[in-house]
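Asks: Sequence:
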Amino acid sequence: MKRLGEYLFLWVVGGMLYYSFEFIFRGFSHWSMFVLGGVCLVFCAWQGQILEWKDPFFRQILRCIIFVTACEFITGIIVNKWMKWHVWDYTGLPFQLWGQICLPFMIIFSGLCAIGILLGGYLLWGVFGEKKPHFFLF
Numbered sequence: 001m002k003r004l005g006e007y008l009f010l011w012v013v014g015g016m017l018y019y020s021f022e023f024i025f026r027g028f029s030h031w032s033m034f035v036l037g038g039v040c041l042v043f044c045a046w047q048g049q050i051l052e053w054k055d056p057f058f059r060q061i062l063r064c065i066i067f068v069t070a071c072e073f074i075t076g077i078i079v080n081k082w083m084k085w086h087v088w089d090y091t092g093l094p095f096q097l098w099g100q101i102c103l104p105f106m107i108i109f110s111g112l113c114a115i116g117i118l119l120g121g122y123l124l125w126g127v128f129g130e131k132k133p134h135f136f137l138f
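Numbering of the sequence shown is given in the working numbering, commencing with residue 1 and proceeding in unit increments.
Check the hints yourself; a few may be wrong.
[Unchecked claim] Within a straight-line C-alpha distance of at most 20 Å, the following computed PhoX-like cross-link-like pairs (lysine-lysine) qualify:
| # | residue 1 | residue 2 |
| --- | --- | --- |
| 1 | K131 | K2 |
| 2 | K2 | K132 |
| 3 | K132 | K54 |
| 4 | K131 | K54 |
[Unchecked claim] Ranges of calculated distance between the beta carbons of each label pair, as one might list FRET restraints:
| # | residue 1 | residue 2 | range |
| --- | --- | --- | --- |
| 5 | K81 | F138 | 36 to 46 Å |
| 6 | M16 | W85 | 13 to 23 Å |
| 7 | S110 | M16 | 16 to 26 Å |
| 8 | K131 | K84 | 39 to 49 Å |
| 9 | F28 | I107 | 18 to 28 Å |
| 10 | I50 | P94 | 30 to 40 Å |
If you are wondering where the hints come from, they were derived from the structure by calculation, not from laboratory data.
Every residue, glycine too, gets a C-beta built ideally from N, C-alpha and C.
Make a model of the complete structure from these sequences and hints.
Replies: Next comes the structure, spelled out in structure tokens:
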């Protein structure tokens, strides 16, 4: 139950942060971005925690970029294509796939993944007394 509480806390924090980030930079957001942002922060913390923070930071970022991009694609297919809510459309951007993911936003999300890994690790340590994360590049 403790882990569930920790991950629920991270999910809420991630959801609020991503929703706020979108609102600040786009002027609007959608509740589905709260859900997605929360899931992504939970993954950023979980992947480091499960490997006891032993992987190099760059490898953790790559792992999270792949996860976040996959989640964005799946969410985009559901909310934009199936539900037709038109939450986002990357059609006009370079290196895009069906308007749901694109290279420029993968690069932006890599920075958010790095922040999410650090934030998730330190929140688990500082708030819940989990193992202190130790980060190294290589």
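Asks: All the hints need checking, so say for each whether the structure fits it.
Replies: Each hint, compared with the structure:
1. About 14 Å separates the Cα atoms of K131 and K2, which keeps this hinted pair within 20 Å; it holds.
2. With a CA separation close to 17 Å, the supplied pair K2 and K132 stays within the 20 Å bound.
3. Under the criterion of a C-alpha separation no larger than 20 Å, the hint pairing K132 with K54 is consistent with the structure, at around 11 Å.
4. For the suggested pair K131 and K54, the alpha carbons sit about 12 Å apart, so the restraint of at most 20 Å is met.
5. Roughly 40 Å separates the CB atoms of K81 and F138, a value that falls within the hinted 36 to 46 Å.
6. At roughly 20 Å, the beta-carbon separation of M16 and W85 lies within the given 13 to 23 Å, and the hint holds.
7. A beta carbon spacing of about 21 Å between S110 and M16 agrees with the range 16 to 26 Å that was offered as a hint.
8. Taking 39 to 49 Å as the suggested C-beta distance range, the pair K131 and K84 conforms, at roughly 44 Å.
9. F28 and I107 have their C-beta atoms about 22 Å apart, which keeps the hinted 18 to 28 Å range intact.
10. Between I50 and P94 the beta carbons are some 35 Å apart, a value that agrees with the proposed interval 30 to 40 Å.
Checked against the numbered hints given earlier, this structure breaks none of them.
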